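Asks: Construct the complete structure from the given sequences, taking the supplied hints into account.
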Amino acid sequence: MFHIEKQWLRRAPLPRSYSNYFGRKLFLLFLTIHGIGAFALISLGVLLRKWTVAPNLMRPMIFRETARAGVKLLPMFVFVALALGFLTIGQAMAGLTHLGAAGAIQYLGSIMVIVIVRELGPLLAAVLVLARVGTANVIELGNARALGDVEALEAMGIDPVHYLVVPRVIGMTIGVFSLTVYLILGTLVSGYLFAFLQNVPLTPGQYFFQLAESLTSLDFALLAAKSLLFGFFIAIVTCYHGLAQPLRLEEVSRVAVRAVSQGIVVCVVVDALFILLYLVT
Amino acid sequence: MSDQPTEIVIEMKDVAVGTMRDQEELVLENVDWTVARDECWIVAGQQHSGKSDFLMMTAGLMPPAHGTYKFFGSETRIFDESRIADRLRMGFIFENAQLFPELSMAENVALPLQYHRNLPLAEAVKAVTALLEAMELKPIADVTPANLPRSWHRRAGLARALTLQPEILLLDNPLGGLDARHAQWWVRFLDALWRGHVLLGGRPMTLIATTDDLRPWRNDARRFALLKDGDFVPLGSWKQVASLDEPMVKELLSAPIGLA
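Protein sequence lines correspond, in order, to chains A and B.
Start counting the first sequence at 1; every next residue gets the next number (the working numbering).
Start counting the second sequence at 1; every next residue gets the next number (the working numbering).
Be careful, since some hints might not be right.
Said to hold, decoys possible - List of simulated lysine to aspartate or glutamate pairs, EDC-like, C-alpha gap at most 16 Å:
{"hint": "1", "chain 1": "B", "residue 1": "Lys70", "chain 2": "B", "residue 2": "Asp86"}
{"hint": "2", "chain 1": "B", "residue 1": "Lys239", "chain 2": "B", "residue 2": "Asp220"}
{"hint": "3", "chain 1": "B", "residue 1": "Lys13", "chain 2": "B", "residue 2": "Glu29"}
{"hint": "4", "chain 1": "A", "residue 1": "Lys50", "chain 2": "B", "residue 2": "Glu81"}
{"hint": "5", "chain 1": "B", "residue 1": "Lys250", "chain 2": "B", "residue 2": "Asp212"}
{"hint": "6", "chain 1": "A", "residue 1": "Lys50", "chain 2": "B", "residue 2": "Asp80"}
Stated by the list, open to error - Beta-carbon label-pair distances, calculated as ranges:
{"hint": "7", "chain 1": "A", "residue 1": "Asn56", "chain 2": "B", "residue 2": "Ala85", "range": "13 to 23 Å"}
{"hint": "8", "chain 1": "B", "residue 1": "Val143", "chain 2": "A", "residue 2": "Val269", "range": "40 to 50 Å"}
{"hint": "9", "chain 1": "B", "residue 1": "Lys250", "chain 2": "A", "residue 2": "Gly23", "range": "56 to 66 Å"}
{"hint": "10", "chain 1": "B", "residue 1": "Arg117", "chain 2": "A", "residue 2": "Gln91", "range": "56 to 66 Å"}
{"hint": "11", "chain 1": "A", "residue 1": "Arg254", "chain 2": "B", "residue 2": "Glu81", "range": "29 to 39 Å"}
Unchecked claim - What the simulated footprint calls covered on chain A by chain B, stretch by stretch (three residues with Cβ under 8 Å from a Cβ of chain B suffice, anywhere in the stretch; the number is not a length):
{"hint": "12", "segment": "48-60"}
{"hint": "13", "segment": "149-158"}
It should be emphasised that the hints constitute simulated quantities derived from the structure, not laboratory data.
Just so we're clear, the structure is a prediction, and the values are computed from it rather than from any experiment.
Even glycine gets a Cβ: it sits at the ideal position worked out from N, Cα and C.
Replies: So this is what it looks like as structure tokens:
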């Protein structure tokens, strides 16, 4: 019923006025939020309720999904971490020339914590996983939905959310968290490497001390919570678009594009909520 | 003859059937149908007559649009979590088998055992060896479906449906698109299942199959029904079917164009 309403909205004639257009878009937005929210709750419920169901089948699938959304992306993340460290330190040194070399050096640790640890690290890790694994999720699940695999699972008495969604949610949540940690560590190291190559007079000890001084326990807690939530929501948004609505094969690519856009929006919204938390605390 | 009343396994009263994509778009109405235990029903109809949707509704994959559907005496709409035991009393074979492409044939067949009995893969595959042999799938057990013809997919679909030893088997056009060798194998094997196959401990099975060609199903013990113009029409036994003066039945009984 729900998807029929949405399809009708999308097929409605072109808007006669901007108010109609924005009203329709707003209504679609509410329907999407409602759908994704309901799907998130259902998936979470199945995950908790069926944690002990068929572990011999589910655990290898969870490991496989974790490897897909984590370990297999490590080479790309090493490259991004190297580039990000070089860029951040390079820009910082260039931007702080008015402080003089000695003045700029004392801010390097704080800049790395504020830019990389608090913001760019988790967000970039989430967006990269969304692009690499999230799109694959939508296409795989969209094809499965369109070709009748969901009905095949139901006919065997296998819960499609348990079999298809839960391993992906766990895998992407762990994957994004782990890759965020590796990306941040890699960026901090490569940042120092760049400073060293540029003959910046900063010892590893001083750099580490600056980092440690800028980091608080709240940073660790929020970093963990943020990256776990990013992973969870990316998985939910992509699985929702792949699975929750009946699809035809020709609709899968369009849905994949929509899922990526909405995944990025969800990450930015979650990120904004965490900035509010920082401001409040 | 036993005096005990025959158990009714499926009972439909005034049931309407929608399509899987849009359950409000009706393909069948006023279905009144009763299936007793160990009966074999062949539901015939032309393409797009609603055979697959009807079978999917019977399998509890979608609810009836209206009317009453009782499965083993309990009113049923779809088999949700609370009725998983009922769901497993029924096996379903899709026309295109619906195997999972990333799994091998053996893994596909073993999947229900892995999920419902929590068997590790090696043990589950070992447990389905007899089924694989009976389906002549043993030599291709490690091959993924993409590398095999569709006729073998359907046999794997049959093996998968039998893994948990259901009491009722629903088959969506099992002979559609098969060559003569495969079609003969299917008719013989389904006949053996219906009468009680050794794989299922000799226990007879209730079979419901759809078809768009009645000829291979000729057998006096089977019961037949026709889907025509949105109606479900019980036809009776083969003798009654053969004597009918109904154009669509004659069409379903005639040889395909070019093969007459």
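Asks: Hint by hint, which ones does this structure get wrong, listed from lowest number up?
Replies: none
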